[in-house]
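Novice: Two chains, each in its own frame: build the complex with the hints.
Residue numbers (the working numbering), protein chains in the order written: chain A, 1 to 112; chain B, 1 to 115.
Simulated from the structure, these hints should not be mistaken for lab results.
Hints should not be assumed to be uniformly reliable.
[Stated by the list, open to error] When the alpha-carbon atoms are kept at most 20 angstroms apart in a straight line, the in silico PhoX-like pairs for lysine-lysine are as follows:
1) K44(A) with K107(B)
2) K44(A) with K5(B)
3) K15(A) with K62(A)
4) K54(B) with K107(B)
5) K83(A) with K44(A)
6) K83(A) with K62(A)
[Stated by the list, open to error] To give an idea of the interface, some chain A residues facing chain B are shown, with a C-beta separation under 10 angstroms as derived from the structure:
7) R9
8) Q37
9) V55
Predicted model only: the values in this text are computed from it and were never measured.
We put the beta carbon where it would ideally sit given N, CA and C, even for glycine.
One-letter residues, chain by chain:
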Amino acid sequence: EAGVAQSPRYKIIEKRQSVAFWCNPISGHATLYWYQQILGQGPKLLIQFQNNGVVDDSQLPKDRFSAERLKGVDSTLKIQPAKLEDSAVYLCASSSTGPFEYFGPGTRLTVT
Amino acid sequence: DQQVKQNSPSLSVQEGRISILNCDYTNSMFDYFLWYKKYPAEGPTFLISISSIKDKNEDGRFTVFLNKSAKHLSLHIVPSQPGDSAVYFCAASAKSGGGADGLTFGKGTHLIIQP
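Isolated chain B, as found in the complex (with noise of 0.2 angstroms):
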């Protein structure tokens, strides 16, 4: 029972390009949502995230949208560079801000950019 899904395991995108993963969640009762970015032999990075409350959330070249009625969440980056190429896992919280919680992730999305 995934709570949280990544459907494309790659893709592939020319430099320059905008790239847009995306990511749907079952769960209800999550309210905060990241994107963690994901070399090799490293641990994951944190990317941008978004509350529950908000639909939009840009920090440079990225931006990630919230759908809570479809369950919905996609990162766009625009324009995609060599040095984006990483695999890029959603995750989601069920508690924001005051305490801690564990995060859940999806299985990640391998980003190849393209020259």
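Chain A with its partners taken away, still in its complex shape (with noise of 0.2 angstroms):
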């Protein structure tokens, strides 16, 4: 089975830019996470898709992040404009059942 797949792998932005992440994850597994993880922490939530619909986006800043999930399937991760404590790794996760979540390579974000 195909793991949870994750794009870019990297990326280099200056401030107030903005950039996008996207996620396809393990089939059939009907939710998505996105998680922050900034150098030294542990993975931090941010937003929770239960097919469609949002579930938890309690912690995402939602004046300059935004996500969304057509279809059930993949989602995308933007920030606009992008500040310098953004700088972080994003990781996406899926789950079928259960809080077993299965996660990518992550995208490492650099910002300047």
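Specialist: What follows is the structure, encoded as structure tokens:
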């Protein structure tokens, strides 16, 4: 079974620019998560989707971050405009049932 | 207000010995706990888990112990092998089985296995 796919793997942008990340979850997984992992910290949940709908986005900075999951499969996470403190690894994860989450390799974002 | 705490940023253990990684939590609503292992430039991979109704779960060289009264869990690796060198994250969920819920992670412990 193919794992969670993410692209790009690395991205460098200047502050105030925009950036988008893409995630393709494991086939059949209804739940999709985006996490932000700042260097030296554990992953922090940004948003959780159940099929097309948002289950939890309480920690998403909605003034600059947005995410969508069209047709209940792929998802994109966007940052507009980016700040220096957004430099982090953005991890996508998916699950079918229960708390077992499968993670993608992540996108490392550097904001200069 | 860190709800999941891993107080040891790093741990060095000799190959063949036991590695013990610790984790504390503060949220009484957590009812499922997981350990993830992470290599550089890769996403975390699931290692082992335990439900709050149990106090021990074993899988090969890996055993997780849960002490609910102390809100403490630990991961034991016996014997430790060079391939175990990685960052280990403790994670907790407030909803087990049935529906999914986002995980709350600790900061991680970098385990280094010395030859």
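Novice: Now tell me, hint by hint, if it's right for this structure.
Specialist: Hints, verified against the model:
{"no.": "1", "hint": "K44(A) with K107(B)", "result": "10 angstroms, holds"}
{"no.": "2", "hint": "K44(A) with K5(B)", "result": "13 angstroms, holds"}
{"no.": "3", "hint": "K15(A) with K62(A)", "result": "17 angstroms, holds"}
{"no.": "4", "hint": "K54(B) with K107(B)", "result": "24 angstroms, violated"}
{"no.": "5", "hint": "K83(A) with K44(A)", "result": "17 angstroms, holds"}
{"no.": "6", "hint": "K83(A) with K62(A)", "result": "14 angstroms, holds"}
{"no.": "7", "hint": "R9", "result": "8 angstroms, holds"}
{"no.": "8", "hint": "Q37", "result": "8 angstroms, holds"}
{"no.": "9", "hint": "V55", "result": "8 angstroms, holds"}
Checked against the numbered hints above, the structure violates only hint 4.
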